[in-house]
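Produce the entire structure from the sequences given, and follow the hints as far as they go.
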Amino acid sequence: MKHQSMTLNIRHDLPNDIWENMIPKVYKEMEGWLGFSQNEGIPYWFNFEEAQKHVWASVEPSGLVFEGLMKDKEWEQWKIEIKKVATQKLGFKVGEIELGEVE
Numbered sequence: 001m002k003h004q005s006m007t008l009n010i011r012h013d014l015p016n017d018i019w020e021n022m023i024p025k026v027y028k029e030m031e032g033w034l035g036f037s038q039n040e041g042i043p044y045w046f047n048f049e050e051a052q053k054h055v056w057a058s059v060e061p062s063g064l065v066f067e068g069l070m071k072d073k074e075w076e077q078w079k080i081e082i083k084k085v086a087t088q089k090l091g092f093k094v095g096e097i098e099l100g101e102v103e
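Every letter in the sequence shown is one number past the one before it in UniProt numbering, and letter 11, counting from 1, is 11.
Honestly, the hints are just simulated from the structure, not real lab data.
List time: in silico PhoX-like cross-link candidates among lysine-lysine, alpha-carbon distance up to 25 Å:
1) 83 <-> 2
2) 84 <-> 28
3) 71 <-> 83
4) 83 <-> 93
5) 71 <-> 28
For each label pair, taking beta carbons as the anchor points, the in silico distance ranges come out as:
6) 102 <-> 38: 31 to 37 Å
7) 93 <-> 65: 17 to 23 Å
8) 73 <-> 19: 26 to 32 Å
9) 99 <-> 49: 25 to 31 Å
10) 61 <-> 20: 15 to 21 Å
11) 51 <-> 21: 31 to 37 Å
12) 93 <-> 47: 26 to 32 Å
We put the beta carbon where it would ideally sit given N, CA and C, even for glycine.
Okay, here's the thing in structure tokens:
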């Protein structure tokens, strides 16, 4: 397993309704969903222990950042799925700006 990271074009300044209602629905549809950590309220998948296979998300000015520890093949599949689910739920194409998937 190795460290993985991506930033999606889900902006921090989207309406509160999207952050409070739609984003949690995206999170819950993803494989490995555990919930929000008790201390920081950070969303986690697979494991709360960062030494184990895990994914967590953080809202940053650049977009919604996902980081974790996962095998490359698993990570690629997880990325494909979250982009698909988010695009369906949010009503706009979700992708990685750095990869040229979206503007």
